[in-house]
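A.B. asks: Each chain, letter by letter, is given below.
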Amino acid sequence: MCLAVPLKLIEIDGNNAVGESLGMRRPLRVDFIEEPKLGDYVIVHAGFAIERLPEKQALEDLESWEELRDVL
Amino acid sequence: MSFDAGRILETMAALPLGRVQLMEVCGTHTMSIARSGLKSVLPENVKLLSGPGCPVCVTPAEQIDAVLELAMEKDVILTSYGDMLRVPGSRPGDSLLRRKALGARVEIVYSPIDAVELARKHPDRQVVFLGVGFETTAPGTAAAVLTAQEQGVKNFSLWSMLKTVEPALRALIAQEDFAVDGFLCPGHVATIIGAEGFRFLPEEYGLPAVVGGFETEDILTALYLLLKQLVEGEPKLQNAYPRAVSQEGNRLAQRMLQRCFEAREDSWRGLGRIPGSGLGLREEFSDFDAQKRFSIQASSEPAPTACRCGEVICGRLSPEGCPLFGKRCTPEDPVGPCMVSSEGACAAAYKYQQG
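Just so you know, the protein sequences line up as chains A and B, in that order. For the first sequence, the working numbering begins at 1 and goes up steadily by one. For the second sequence, the working numbering begins at 1001 and goes up steadily by one.
Check the hints yourself; a few may be wrong.
[To be verified] Label pairs and their computed distance ranges (CB to CB): (1) L1017/B x G14/A: 51 to 59 angstroms; (2) L59/A x K1154/B: 40 to 48 angstroms; (3) E1176/B x E20/A: 48 to 56 angstroms; (4) P54/A x K1121/B: 33 to 41 angstroms; (5) D1004/B x Q57/A: 38 to 46 angstroms; (6) E1203/B x K37/A: 33 to 41 angstroms; (7) L38/A x D1333/B: 41 to 49 angstroms; (8) E1332/B x G14/A: 41 to 49 angstroms; (9) E55/A x D1004/B: 23 to 31 angstroms; (10) Q1151/B x P54/A: 33 to 41 angstroms; (11) E1150/B x E20/A: 24 to 32 angstroms.
[Stated by the list, open to error] List of simulated lysine to any residue pairs, SDA-like, C-alpha gap at most 25 angstroms: (12) K8/A x L59/A; (13) K8/A x R1251/B; (14) K1154/B x N15/A; (15) K37/A x R1243/B; (16) K8/A x S1246/B; (17) K8/A x Q1254/B; (18) K56/A x G1194/B; (19) K1236/B x R1259/B; (20) K1121/B x R26/A; (21) K1121/B x G14/A; (22) K37/A x R1255/B; (23) K8/A x D1114/B; (24) K1121/B x S21/A; (25) K8/A x Y1110/B.
Derived from the structure by calculation, the hints contain no laboratory data. Even for Gly, the Cβ is constructed at its ideal location relative to N, Cα and C.
If we strip away everything but chain B, and leave its shape as in the complex, we get:
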């Protein structure tokens, strides 16, 4: 089947619509959109925004500060995905990478299972895995905790900063200046929770919602469907990524997530504290809960920072609209997380504007 992007774009441009703002909430979408150059070829009236979908970007500075403190604990080996290492806390330039240079033991892992393995190899050290991400990474993180429990790897623990998408979207929609006309829903979160997980958008808020994949064709198709819904004035849930997303999602993964985690209040950069938006380990796994094992706590007060990533994450500020963008804040010397992660809106904008 051939896919005619030019024709879809022409059809989009011909739709009788005024200014429209569509938002994606997935770091991989952010990156794919930037890489494909889609923003520059979309009709002028259609604006694409990046929402709170990049896991590293939504982690607030005060949580990073706590992690930096944890890295300095005696006997701790801190493990996480590579993206976390360069995220600064509230003090400019202070990141896990800097702490590593100061003597902290910090290791990049590809999977939470690698952290359990590392703990087995170093029984005399405390191996802590920093869990970041959404419903897509949470089941695997849960499986790692269960593996540690089954294998009796007692020196492994999880520092959970895992979050769920729905409460954040509800908080975003509740903001006074919310001005998004439809959501391109994250394909791989939907793989886990099912397309149904986004039905609340059309049903409770009257907002079009289309689950989309990550190839340019997938994204373009999803955007077209969103615009078509707006023209027809009939907001609904559509699944434009059926090859990887079912209506009900991956039940095995959902079961694993629910077995290990329970919802709790959590802090988001740009959105503040949101009830029920974080995933904490259930009481029966408290032996593996790093937030209980170590006497370190993230401050409940937002840390002051010059970074305006919070506004970027909410779609209120474009990356280029931030006064730090490309000047004080670059991928080589980032001030905020949106410039650190390859999935961050600023890093994506910076990389692809440079050609």
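Here chain A stands alone, though its shape is the one from the complex:
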């Protein structure tokens, strides 16, 4: 339930946004992110961004997820 893949914000419309990671796009809500901007990386739980991640860290996390996806 609480898998937290970092998503990159590629569309924002009020509290509705679209995030992308590993080639997958997902709608999400950004109610809990102060001034979300395109290109921000966020941690998402059950359709809601719960925190912004520093970009460098998000990219490192994504690399681990990519590795994991290869294994699974």
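Here the structure of chain A is known, so what remains is to put chain B in place on it, guided by the hints.
C.D. replies: Same frame as chain A, but now just chain B:
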């Protein structure tokens, strides 16, 4: 920066400590630890336990029974996260999945917002969202209720089984046979409530507390810090996941949670009734409260079951120590919730012991 897991493990093994039991209280930690095989490489004196951190696992059978009854109500579409569907109530084999086969309308959603959307599309049906989880999922669930209110989606309601972590940890610590030396605190609960939310552990109970992330490196670092605190004899709160956790947490999410919910007594599998441990909708949102809209109530008596998940959740029984594990209870045919949820201690142990 390279991370040398071997060196950390060697340093851990060299620490002058006797037998130590550390507990994590987050389903995602349970899963990450099992997947990484960490338990098998930790020093022999260090035992890792899974506590009451998997949302589906801590939901008691009598609450599942009430939900199963709700699914059979005329015109109801029940929505929840996928994990909930296979959790059996007090009767073996009776789950939402079975009720669905019997004609109940049950839908898996990815977000509570999807349930509001479904309600908008089916104005002639009652769409009920089963809210499970802790502080991490509660703010989003609150936002869904507000969205339904703002958009006038009156056929949407929330059946809240949402819980908060602190009262459960206090109840666990108060148990007579409590034997945990330190807590690996849940990273994403802390993202919401702030690392400070766990300060009560060292300050009131003298227990080391380290907030940890979910990569193997994060977990190993947090475990090392816990052991180091034990060696130094100075229990404190440390944040080993600062990239996602601040001291004070996410205030917007906290505000949303407080706007919609208030603390109430709730039942936990393995821990029983705990005052102030559940999140119920505030009176002003009672129109969206499924527990008021439908005349169904969970029994206040614990439902009898052969399942020993309650003991697993409290760290008293290891998954492999349960006589049902891998025999009568498997992920394909689970008896208890710890074997259902991918975040459950038993499902994680079963999956990764099979290689």
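A.B. asks: If a hint holds in the structure, say so; if it doesn't, say that too.
C.D. replies: Comparing the hints with the structure gives:
1. L1017/B x G14/A: 51 to 59 angstroms: For L1017/B and G14/A the Cβ distance comes to about 53 angstroms; the hint holds.
2. L59/A x K1154/B: 40 to 48 angstroms: holds (44 angstroms)
3. E1176/B x E20/A: 48 to 56 angstroms: holds (51 angstroms)
4. P54/A x K1121/B: 33 to 41 angstroms: holds (39 angstroms)
5. D1004/B x Q57/A: 38 to 46 angstroms: Because 19 angstroms falls outside the window, the suggested range is violated.
6. E1203/B x K37/A: 33 to 41 angstroms: holds (38 angstroms)
7. L38/A x D1333/B: 41 to 49 angstroms: Holds, at about 47 angstroms.
8. E1332/B x G14/A: 41 to 49 angstroms: Given a distance of about 43 angstroms, which is inside 41 to 49 angstroms, the answer is holds.
9. E55/A x D1004/B: 23 to 31 angstroms: Holds: the Cβ-Cβ distance is about 25 angstroms, inside 23 to 31 angstroms.
10. Q1151/B x P54/A: 33 to 41 angstroms: holds (35 angstroms)
11. E1150/B x E20/A: 24 to 32 angstroms: Taking Cβ atoms as reference, E1150/B and E20/A lie about 28 angstroms apart, which means the hint holds.
12. K8/A x L59/A: holds (10 angstroms)
13. K8/A x R1251/B: holds (22 angstroms)
14. K1154/B x N15/A: Measuring from Cα to Cα gives roughly 21 angstroms; hence the hint holds.
15. K37/A x R1243/B: holds (18 angstroms)
16. K8/A x S1246/B: Roughly 21 angstroms between the alpha carbons, so the hint for K8/A and S1246/B holds.
17. K8/A x Q1254/B: holds (23 angstroms)
18. K56/A x G1194/B: Given that 25 angstroms is the threshold and the Cα spacing comes to 22 angstroms, the pair holds.
19. K1236/B x R1259/B: violated (31 angstroms)
20. K1121/B x R26/A: holds (20 angstroms)
21. K1121/B x G14/A: holds (22 angstroms)
22. K37/A x R1255/B: Holds, because 21 angstroms separates the two Cα atoms, which is no more than 25 angstroms.
23. K8/A x D1114/B: holds (21 angstroms)
24. K1121/B x S21/A: At roughly 29 angstroms apart (the allowed maximum being 25 angstroms), S21/A and K1121/B break the hint.
25. K8/A x Y1110/B: Given that 25 angstroms is the threshold and the Cα spacing comes to 18 angstroms, the pair holds.
Checked against the numbered hints given earlier, the structure breaks hints 5, 19 and 24 and satisfies all the rest.
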